[in-house]
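Chemist: Protein chains in written order, with my numbering: chain A, 1 to 117; chain B, 1 to 114.
No lab work stands behind these hints: they were computed from the structure. Being a predicted model, the structure only gives us computed values, none of them experimental. By construction, the Cβ of each residue, glycine as well, lies at the ideal position given by its N, Cα and C atoms. Be aware that a few hints might be false.
As the list claims (entries may be wrong) - Derived, one-sided and incomplete: chain A residues facing chain B with beta-carbon distance under 8 Å:
no., residue
1, 39
2, 45
3, 50
4, 108
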Amino acid sequence: NAGVTQTPKFQVLKTGQSMTLQCAQDMNHEYMSWYRQDPGMGLRLIHYSVGAGITDQGEVPNGYNVSRSTTEDFPLRLLSAAPSQTSVYFCASSYTGTGVSGANVLTFGAGSRLTVL
Amino acid sequence: DAKTTQPPSMDCAEGRAANLPCNHSTISGNEYVYWYRQIHSQGPQYIIHGLKNNETNEMASLIITEDRKSSTLILPHATLRDTAVYYCIVRSLNYGGSQGNLIFGKGTKLSVKP
Chain A
1 NAGVTQTPKF QVLKTGQSMT LQCAQDMNHE YMSWYRQDPG MGLRLIHYSV
51 GAGITDQGEV PNGYNVSRST TEDFPLRLLS AAPSQTSVYF CASSYTGTGV
101 SGANVLTFGA GSRLTVL
Chain B
1 DAKTTQPPSM DCAEGRAANL PCNHSTISGN EYVYWYRQIH SQGPQYIIHG
51 LKNNETNEMA SLIITEDRKS STLILPHATL RDTAVYYCIV RSLNYGGSQG
101 NLIFGKGTKL SVKP
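Given these sequences and hints, build the entire structure.
Modeler: Here's what the structure looks like:
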């Protein structure tokens with residue numbers, strides 16, 4: 001049981017390049033999300049998904065794309081990287097049980113550190 | 001979701017109890033209190049949550065005041081590995097599938113010293 005796996009752990013891009021951060025979970029969680037964390041700041045929600053085929057925007061979605069074709073995977077795409085996207089990215093998942101307090105218990109990945117030059 | 005207020009930093013001696021306060025004076029009746037922590041550069045880790053009763057698990061205890069306007073996370077015997085940023089989050093369950101959209105503030109940086 002690996003939990004939430006993020007790849008790559010580190011990546012350096014040049015401005016304008018595109019890339020995909022991968023996130024996979026093996027807990028059969030319906031809910032998955034992506035956060036970014038900048039120095040001295042809390043985590044900010046980028047996009048989230050409540051199930052396969054369903055995605056929605058979070059607080060800071062601009063410049064990022066997501067899709068959810070399977071329950072297990074939730075990739076985050078940067079179509080044209082900008083220096084402002086230099087950050088640490090965290091993927092998280094949980095099960096969704098309306099009215100169940102454990103549905104807010106997120107399992108996080110180890111993070112992907114992205115630098116855009 | 002109710003806003004939470006936490007001290008920016010705290011120190012604790014190794015082996016002593018660490019008591020981390022959180023104020024959530026506008027909490028409503030259906031909102032739970034969740035605690036997470038983030039050890040340097042790692043992903044946040046869930047610790048404990050509760051509605052109105054005190055809760056305990058293998059990591060910590062959560063004490064919620066009777067009026068639910070504040071809570072305290074207790075690490076009974078802090079170790080150096082407990083040095084981390086601790087986040088107090090208030091969240092209801094009434095968001096359908098999106099209740100996992102937690103809002104992380106700046107938290108409390110706990111430094112456990114030998």
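Chemist: Against this structure, judge whether each hint is valid.
Modeler: Verification of the supplied hints:
1. Below 8 Å, beta-carbon pairs count as interface contacts, and residue 39 of chain A has none with chain B, the closest being about 11 Å; its hint is therefore violated.
2. A distance limit of 8 Å between C-beta atoms decides the matter here; for residue 45 of chain A the minimum to chain B is near 6 Å, and the interface restraint holds.
3. Among the interface hints, the one on residue 50 of chain A holds; its C-beta lies about 3 Å from the nearest C-beta in chain B, closer than the 8 Å criterion.
4. Hint status for residue 108 of chain A relative to chain B: holds, with the closest Cβ pair at about 3 Å, below 8 Å.
Hint 1 from the list above is the single one not met by this structure.
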